[in-house]
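The primary structure of each chain is shown beneath.
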Amino acid sequence: MVNTSLAVEFKNVDKWFDDFHVLKNIDLKVLTGEKIVICGPSGSGKSTLVRCINSLEQHNSGNIIVHGKEVNKNQTKGTEVSSEVGMVFQQFNLFPHLTVKENLILGPMKARGLTKKEADDRAMRLLERVKIPEQVNKYPNQLSGGQQQRVAIARSLCMEPKIMLFDEPTSALDPEMIAEVLDVIIDLAQEGITMVVVTHEMGFAKKAADRMIFMDEGRIVETGTPDDFFNNPQTERCKLFLKQILQH
Amino acid sequence: MKTKTFIAITLLLIASGCSSPPGTWGWYVIDPSTQNGWNNIKFLLSGFSATIRLSILAAFLSIIIGLVVALPGMSLNRWVRLPSRVYIEFVRAIPLLPMLFWVFYGLPVILKSLGLDIPIDPFWGAAITLAISDSAFTAEIYRGGIQSIEKGQTEAAKTVGLNYMQTMRYVILPQALRRILPPLANQFIYIVKMSAFASVIGMQELTRRANEVVVSEYRPLEIYSLLILEYLVLVLIISSAVRWLERKMGADQRS
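Those sequence lines, one after another, are chains A and B. Just so we're aligned: 62 in this note's numbering is position 62 of the first sequence, and the numbers increase by one with no gaps anywhere. Just so we're aligned: 209 in this note's numbering is position 209 of the second sequence, and the numbers increase by one with no gaps anywhere.
Please keep in mind that the hints were generated in silico from the structure rather than gathered at the bench. Please note that a few of the clues may not be correct.
What the hints assert, rightly or not - Computed list of lysine-lysine pairs in PhoX-like fashion (alpha-carbon distance at most 25 Å, straight line):
#1 A/K29 / A/K11
#2 A/K69 / A/K131
#3 B/K151 / A/K101
#4 A/K116 / A/K101
#5 B/K42 / A/K138
#6 A/K73 / B/K248
#7 A/K243 / A/K207
#8 A/K138 / A/K101
#9 A/K138 / A/K162
#10 A/K73 / A/K116
#11 A/K11 / A/K162
#12 A/K101 / A/K131
#13 A/K138 / B/K151
#14 A/K110 / B/K151
#15 A/K69 / A/K207
Claimed, not checked - Just the calculated beta-carbon pair ranges, DEER-fashion:
#16 B/G115 / A/G113: 21 to 29 Å
#17 B/I228 / A/N141: 51 to 59 Å
#18 A/W16 / B/Y164: 19 to 27 Å
#19 A/D121 / B/P83: 42 to 50 Å
#20 A/S171 / B/L76: 25 to 33 Å
#21 A/N141 / B/I52: 32 to 40 Å
#22 B/V233 / A/E160: 57 to 65 Å
#23 B/S46 / A/S144: 55 to 63 Å
#24 A/G113 / B/I52: 58 to 66 Å
#25 A/E160 / B/R53: 39 to 47 Å
#26 A/N137 / B/G202: 52 to 60 Å
#27 A/E217 / B/V68: 22 to 30 Å
#28 A/D187 / B/Y164: 56 to 64 Å
#29 B/K151 / A/T225: 47 to 55 Å
A quick note: this is a predicted structure, and the numbers were derived from the prediction, not measured. All C-beta atoms, glycine included, are put in the ideal place defined by N, C-alpha and C.
Let's have the full structure, built from the sequences with the hints guiding it.
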């Protein structure tokens with residue numbers, strides 16, 4: 001029964017974009033309830049790694065196992081994204097033609113078969129959790145970036161996922177809105193949900209991460225607790241990266 | 001001034017609606033003050049109903065066929081994509097008039113050999129031809145509209161558990177339709193104009209009626225002038241509706 005404590009497992013995973021070898025022999029185990037922060041220079045494969053977990057990208061070889069179920073590889077289309085996995089995108093990707101509430105209840109009603117009433121109740125509960133219940137009837141373009149990202153987080157949570165993926169959730173935000181989004185994510189981290197977060201917000205990583213992963217050129221170069229990672233990085237590449245992003 | 005006098009006289013002739021020898025205007029054929037002229041006008045204008053009904057039916061069919069062709073045309077699988085590409089290239093290459101002849105005279109033969117005794121009257125023959133001919137363009141408009149929706153929308157829909165059909169219906173198409181309504185409405189103008197070809201298979205629409213009056217009255221200039229005016233009015237009404245639509249779309253463009 002080892003697998004029950006494993007949320008996500010990567011075994012020798014490789015992926016190419018045509019000639020570009022974007023993920024190289026990735027081995028990774030994420031425990032249930034663990035908070036993992038992935039960082040690294042752009043183009044290092046961190047977003048791709050996260051997107052492989054919910055089939056937004058397909059790996060070419062190796063195995064990815066999410067809560068005991070193997071994720072299909074090499075399929076071009078038609079793979080069902082595991083509904084146990086929620087995702088928050090850099091660009092929010094809210095549905096612009098729907099109100100905040102409609103954004104939240106679409107998945108639960110159409111994919112999960114909840115009644116309107118059940119979905120509405122769930123949506124309101126989650127909007128309160130991300131602290132914007134008053135925006136329920138607005139359209140996404142009437143909200144600030146920070147509010148939009150919080151709606152996006154609530155939309156993912158509406159599906160009651162066991163794992164939450166965050167792909168640079170604050171990179172598209174104005175600086176003064178980053179904190180409100182990170183606060184919501186930190187709140188969430190304290191509730192036992194498994195999280196994999198790609199971010200360069202090192203303050204957030206120190207506060208919320210159980211484990212840090214540093215990627216470069218498609219490989220996991222270094223992994224460790226935030227304490228070890230920030231105070232005692234092992235590789236030169238990682239030292240250089242930390243020096244560059246922490247010097248300001 | 002000779003030219004000025006000429007124009008003045010011409011205008012006078014037109015305005016007075018007087019009879020005149022061949023080679024000049026002879027508005028008497030559609031002079032509402034005479035019984036014959038009034039009958040001719042009523043006969044010509046009665047073609048509006050058929051032209052409008054034909055155009056609306058053809059446009060409606062074209063919008064449905066276009067979507068059915070466009071969706072597989074965007075598949076990542078080339079074997080799924082192939083039939084739709086072939087359809088679009090093939091249909092776009094056929095001139096409307098030969099296709100109309102083929103559908104009206106040829107298709108019933110095929111249907112009969114298959115044991116289906118379905119007669120194709122001029123109205124349905126024209127509607128099917130216009131719809132198929134236009135659907136290739138409609139399909140391309142859909143493709144443009146759907147592909148203009150950011151990839152993130154599909155990804156977000158996937159992560160909240162929607163399947164392909166649900167993603168199309170609730171997320172992509174509502175947004176794409178906003179963007180393609182103006183070009184789709186423009187296609188409607190094309191259909192209205194092309195519906196004139198239905199006259200050659202005997203459908204009693206605007207052009208056919210005009211031809212029939214020309215044959216009995218032998219005043220092509222006046223009657224075809226009126227015919228052009230009839231289409232002009234129809235198209236101007238549609239295009240002002242399109243402009244209104246574009247303004248409305250632009251006003252509440254959410255993104």
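Quick rundown of the hints versus the structure:
With a CA separation close to 9 Å, the supplied pair A/K29 and A/K11 stays within the 25 Å bound. Proposed proximity of A/K69 and A/K131 is contradicted: the alpha carbons are some 34 Å apart, above 25 Å. Under the criterion of a C-alpha separation no larger than 25 Å, the hint pairing B/K151 with A/K101 is consistent with the structure, at around 22 Å. As the CA atoms of A/K116 and A/K101 are separated by approximately 11 Å, the hinted pair is consistent with the 25 Å bound.
For the suggested pair B/K42 and A/K138, the alpha carbons sit about 54 Å apart, so the restraint of at most 25 Å is broken. For the hint pairing A/K73 with B/K248, the CA-to-CA distance comes to about 45 Å; that exceeds 25 Å, so the pair is violated. Pair hint A/K243 plus A/K207 holds up; C-alpha atoms about 19 Å apart against a cutoff of 25 Å. About 8 Å separates the Cα atoms of A/K138 and A/K101, which keeps this hinted pair within 25 Å; it holds.
Restraint check: the Cα-Cα separation between A/K138 and A/K162 comes to about 28 Å, which exceeds 25 Å; the hinted pair is violated. Between A/K73 and A/K116 the alpha-carbon distance is near 35 Å, which puts this suggested pair outside the 25 Å criterion. Between A/K11 and A/K162 the CA atoms are separated by roughly 21 Å; this keeps the pair inside 25 Å, and the hint holds. Proposed proximity of A/K101 and A/K131 is supported: the alpha carbons are some 14 Å apart, at most 25 Å.
About 23 Å separates the Cα atoms of A/K138 and B/K151, which keeps this hinted pair within 25 Å; it holds. Taken as a hint, the A/K110 and B/K151 pair is honoured in the structure, with Cα atoms around 20 Å apart against an allowance of 25 Å. Only pairs whose Cα atoms come within 25 Å are accepted, and A/K69 paired with A/K207 is rejected, the gap being roughly 31 Å. For B/G115 and A/G113, the Cβ-Cβ distance of about 45 Å falls outside the hinted range of 21 to 29 Å, so the restraint is violated.
The hinted range of 51 to 59 Å is not satisfied by B/I228 and A/N141, whose Cβ atoms lie roughly 45 Å apart. Roughly 25 Å separates the CB atoms of A/W16 and B/Y164, a value that falls within the hinted 19 to 27 Å. For the hinted restraint 42 to 50 Å between A/D121 and B/P83, the CB-CB distance of approximately 46 Å keeps it satisfied. Roughly 28 Å separates the CB atoms of A/S171 and B/L76, a value that falls within the hinted 25 to 33 Å.
Distance hint check for A/N141 and B/I52: the Cβ-Cβ separation is about 38 Å, which falls inside the suggested range of 32 to 40 Å. The hint said 57 to 65 Å for the Cβ distance between B/V233 and A/E160, and at roughly 59 Å that hint holds. A hinted range of 55 to 63 Å for the beta carbons of B/S46 and A/S144 is consistent with their spacing of about 60 Å. A hinted range of 58 to 66 Å is violated for the C-beta pair A/G113 and B/I52, which are about 44 Å apart.
For A/E160 and B/R53, the hinted distance range of 39 to 47 Å is not satisfied, since their beta carbons lie about 52 Å from each other. The given range of 52 to 60 Å is respected by A/N137 and B/G202, whose C-beta atoms sit roughly 56 Å from each other. Distance hint check for A/E217 and B/V68: the Cβ-Cβ separation is about 46 Å, which falls outside the suggested range of 22 to 30 Å. The supplied range of 56 to 64 Å is broken by A/D187 and B/Y164, whose beta-carbon atoms lie about 34 Å from each other.
A beta carbon spacing of about 36 Å between B/K151 and A/T225 contradicts the range 47 to 55 Å that was offered as a hint.
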